[in-house]
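Colleague: Okay, so the sequence shown: first residue is 18 according to the working numbering, each after it adds one.
Rather than coming from a laboratory, the hints here were simulated on the basis of the structure. You may find that some hints are simply not true.
[To be verified] Derived CB-CB ranges, DEER-like: (1) E109 to L164: 36 to 46 Å; (2) T180 to G123: 36 to 46 Å; (3) L80 to G162: 51 to 61 Å; (4) R159 to L80: 49 to 59 Å.
Even glycine gets a Cβ: it sits at the ideal position worked out from N, Cα and C.
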Amino acid sequence: MTTASPLLARRAPLRVAVVADDRDAARGLERSLREHGVAPTALGEAEVAVVDAADGALPTLDLPILALVGPAVAAPPLLEAGAAAVLARDAEPARICAALVAVCSGLVVVDGGLERAACIPALSPRERQVLALVAEGLSNKRIAGRLGISAHTAKFFVSSILTKLDVATRTEAVAVAARAGLV
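Model the full assembly from the supplied sequences, consistent with the hints where possible.
Modeller: See the structure below:
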């Protein structure tokens, strides 16, 4: 279901600069935004910038930035670096436009999924492996066998995961991780 863009109600189109290394992706985004009442423009004429920040890096600009990020990029560092909004790269154009309206009104926007993931403490690569195996329903002994570690070490990793996720059971850990997109 396509929803009407809040930008279509503006008297003058919102002037937005699209900043991306991939020129084809930038053109596609510009085309989609244009269909929702945005006027893609040069940086010097823009009111706000939409930046492809897939790698988590932001350019230094003198205007509000809406960062589009991949699933492995956390929102808090981008907000600290000056982004006014952080959305998933696969956000629909209408959602991006709504965030642009909010940013132009002085609000900060963070995609709900990214916000939930940002609340999850960082797990080490090995903890993520163990968590994935816990999600498969494997016992500590089977996790140990699969990863080539001792059962005691597997138990240590499971305990560490439970502590970091602030849960009491393996089932809760899997539920929290699933909601955050970790498994």
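Colleague: Taking 36 to 46 Å as the hint, is the beta-carbon distance of T180 and G123 inside that range?
Modeller: 39 Å, holds
Colleague: Is 49 to 59 Å right for how far apart the beta carbons of R159 and L80 are?
Modeller: This hint holds: roughly 53 Å between Cβ atoms.
Colleague: Could you tell me whether the CB distance from E109 to L164 stays inside 36 to 46 Å?
Modeller: Hint holds: Cβ distance 39 Å, inside 36 to 46 Å.
Colleague: Taking 51 to 61 Å as the hint, is the beta-carbon distance of L80 and G162 inside that range?
Modeller: The hint (51 to 61 Å, Cβ to Cβ) holds, given that L80 and G162 are roughly 55 Å apart.
The structure is consistent with each of the numbered hints, conforming to all of them.
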